[in-house]
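So the protein sequences, as listed, match chains A, B, C and D.
To get my numbering, take the position in the first sequence, counting from 1, and add 89.
To get my numbering, take the position in the second sequence, counting from 1, and add 89.
To get my numbering, take the position in the third sequence, counting from 1, and add 311.
To get my numbering, take the position in the fourth sequence, counting from 1, and add 311.
Just so you know, the hints here were simulated from the structure itself, not pulled from any lab data.
This one's a predicted model, so the numbers in the text were calculated from it and none came from an experiment.
Incorrect hints may have been included.
Claimed, not checked - With a straight-line Cα cutoff of 30 Å, these simulated DSSO-like cross-link-like pairs (lysine-lysine) come out:
{"hint": "1", "chain 1": "B", "residue 1": "K161", "chain 2": "C", "residue 2": "K446"}
{"hint": "2", "chain 1": "A", "residue 1": "K126", "chain 2": "D", "residue 2": "K323"}
{"hint": "3", "chain 1": "A", "residue 1": "K126", "chain 2": "A", "residue 2": "K116"}
{"hint": "4", "chain 1": "C", "residue 1": "K323", "chain 2": "B", "residue 2": "K126"}
{"hint": "5", "chain 1": "D", "residue 1": "K438", "chain 2": "D", "residue 2": "K323"}
Next come the chains, spelled out residue by residue.
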Amino acid sequence: MNIRYFAWVRERVGVEEETIEVPGTVKTVADLIGHLKTLDENHAAAFEEEDAIRVALDQFHVETDADLGNAKEVAFFPPMTGG
Amino acid sequence: MNIRYFAWVRERVGVEEETIEVPGTVKTVADLIGHLKTLDENHAAAFEEEDAIRVALDQFHVETDADLGNAKEVAFFPPMTGG
Amino acid sequence: MSVTPTVRVQAKDFDPQAEADLLTAGRRNVGALVNFTGLCRDESGTLEALELEHYPGMAEAELIRIAGEAVGRWPLTGLTLIHRFGKIPPGEQIVLVIAASSHRRAAFEAADFLMDYLKTRAPFWKKEHLVSGSKGSWVEAKSEDDADADRWSIG
Amino acid sequence: MSVTPTVRVQAKDFDPQAEADLLTAGRRNVGALVNFTGLCRDESGTLEALELEHYPGMAEAELIRIAGEAVGRWPLTGLTLIHRFGKIPPGEQIVLVIAASSHRRAAFEAADFLMDYLKTRAPFWKKEHLVSGSKGSWVEAKSEDDADADRWSIG
Numbered sequence: 090m091n092i093r094y095f096a097w098v099r100e101r102v103g104v105e106e107e108t109i110e111v112p113g114t115v116k117t118v119a120d121l122i123g124h125l126k127t128l129d130e131n132h133a134a135a136f137e138e139e140d141a142i143r144v145a146l147d148q149f150h151v152e153t154d155a156d157l158g159n160a161k162e163v164a165f166f167p168p169m170t171g172g
Numbered sequence: 090m091n092i093r094y095f096a097w098v099r100e101r102v103g104v105e106e107e108t109i110e111v112p113g114t115v116k117t118v119a120d121l122i123g124h125l126k127t128l129d130e131n132h133a134a135a136f137e138e139e140d141a142i143r144v145a146l147d148q149f150h151v152e153t154d155a156d157l158g159n160a161k162e163v164a165f166f167p168p169m170t171g172g
Numbered sequence: 312m313s314v315t316p317t318v319r320v321q322a323k324d325f326d327p328q329a330e331a332d333l334l335t336a337g338r339r340n341v342g343a344l345v346n347f348t349g350l351c352r353d354e355s356g357t358l359e360a361l362e363l364e365h366y367p368g369m370a371e372a373e374l375i376r377i378a379g380e381a382v383g384r385w386p387l388t389g390l391t392l393i394h395r396f397g398k399i400p401p402g403e404q405i406v407l408v409i410a411a412s413s414h415r416r417a418a419f420e421a422a423d424f425l426m427d428y429l430k431t432r433a434p435f436w437k438k439e440h441l442v443s444g445s446k447g448s449w450v451e452a453k454s455e456d457d458a459d460a461d462r463w464s465i466g
Numbered sequence: 312m313s314v315t316p317t318v319r320v321q322a323k324d325f326d327p328q329a330e331a332d333l334l335t336a337g338r339r340n341v342g343a344l345v346n347f348t349g350l351c352r353d354e355s356g357t358l359e360a361l362e363l364e365h366y367p368g369m370a371e372a373e374l375i376r377i378a379g380e381a382v383g384r385w386p387l388t389g390l391t392l393i394h395r396f397g398k399i400p401p402g403e404q405i406v407l408v409i410a411a412s413s414h415r416r417a418a419f420e421a422a423d424f425l426m427d428y429l430k431t432r433a434p435f436w437k438k439e440h441l442v443s444g445s446k447g448s449w450v451e452a453k454s455e456d457d458a459d460a461d462r463w464s465i466g
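Looking at chain A on its own, in the form it has when it is part of the complex (with noise of 0.2 Å):
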């Protein structure tokens, strides 16, 4: 699974993209974080304030609740501030 991440999540994690294999217990957004956090401490800190985060799964947005299903990219990052 390709995971993108943007911001100050990004900066946190260290990289821009990676791909990595999930465990088939995670079924959820909120799964995937929980096994993020356990990859080292660069991800551990960057998802430490969980409701800080936003996520998109393919480039929609969804809560961390939904399914991973199918997707091929999930993005973190934080809320947003364009315009």
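Got chain A sorted already, so can you dock chains B, C and D onto it with the hints?
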């Protein structure tokens, strides 16, 4: 007193502007309208629908119960349709 | 520092971008520009032109009063109000309002307020000239316009 | 006839008047144009530039979705949405929304809605570069922006 008319009020009265002598009993805009209606058929037709007439005293919007005071110019016109 | 609105009543056309540029030139505190341009519609092909009558002197004075109210109500960095008079064919510009502010909410609200107030208080009247050649009639004021203007009344 | 919004995400600057002209060219049913331009402020001289990061692909897709919502909600004759990314110094333009309609209320509401939605849903993030040379920080989302966006929720 100088009186100006605009839009269909002007068309009905038949003049853009006129100077008239107002009797001493005319104190308010409503009094003035009452007086103008007695002048001729055109004035009577122009002020037939009194509710549709708007008034400015010396270029400020006023209601018909306003005192004429020392106003030099009174203007009568329909509801505005600019913009 | 108080803002002096630019207000013009004129027969000739105007250039919205040139007016907007004047509100941002040399400034770095403008975060939002809201520009409203009102144009003459052809009413499904029936309208040849609108004739805009105005009350010279009072038109300018009333626009200045309305602009002053907006400046007092919202933290604007600049404000421009231009209204044309005379015969205006479909597709041409009639009115321009530009509100500049540090923040978008103020700019949006001020421009919206100005258009509502201008519609019900600025002494302009539109007469239709029809393609059919018939004289057409005076455009009637809309009750929605009064309702729109009432949205801004303070308690 | 349905309206196809113009949506662009680009590094280079844009020309609001040229975009507005495209929405009125050859048309005579446009009565109102509301043009919102968002500019980079210098924050009282402390800001050297904003760096706008975006999510390529999703930024365009989300703007198209937001524009589609506006077209479904208001009777617009045209709609343009442009958002820049990259480093933008104070005084430069960041975002443009133009809503064209026969009537002013629709144009005002659509432009206002688009800016509110864009602020909370379009994947762009601003980082400040300070004049002092220090790194600055990511601009935090404002709760007012969420509140503004909530104004448009349907029951």
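Structure-based check of each hint:
1. Proposed proximity of K161 of chain B and K446 of chain C is contradicted: the alpha carbons are some 34 Å apart, above 30 Å.
2. Distance restraint check for K126 of chain A and K323 of chain D: the Cα-Cα separation of roughly 38 Å exceeds the 30 Å cut-off, and the hinted pair is therefore not satisfied.
3. For the proposed pair K126 of chain A and K116 of chain A, the alpha carbon gap of about 15 Å is at most 30 Å, so the pair holds.
4. For the given pair, K323 of chain C sits about 38 Å from K126 of chain B by alpha-carbon distance, which is inconsistent with the 30 Å threshold.
5. Distance restraint check for K438 of chain D and K323 of chain D: the Cα-Cα separation of roughly 18 Å lies within the 30 Å cut-off, and the hinted pair is therefore satisfied.
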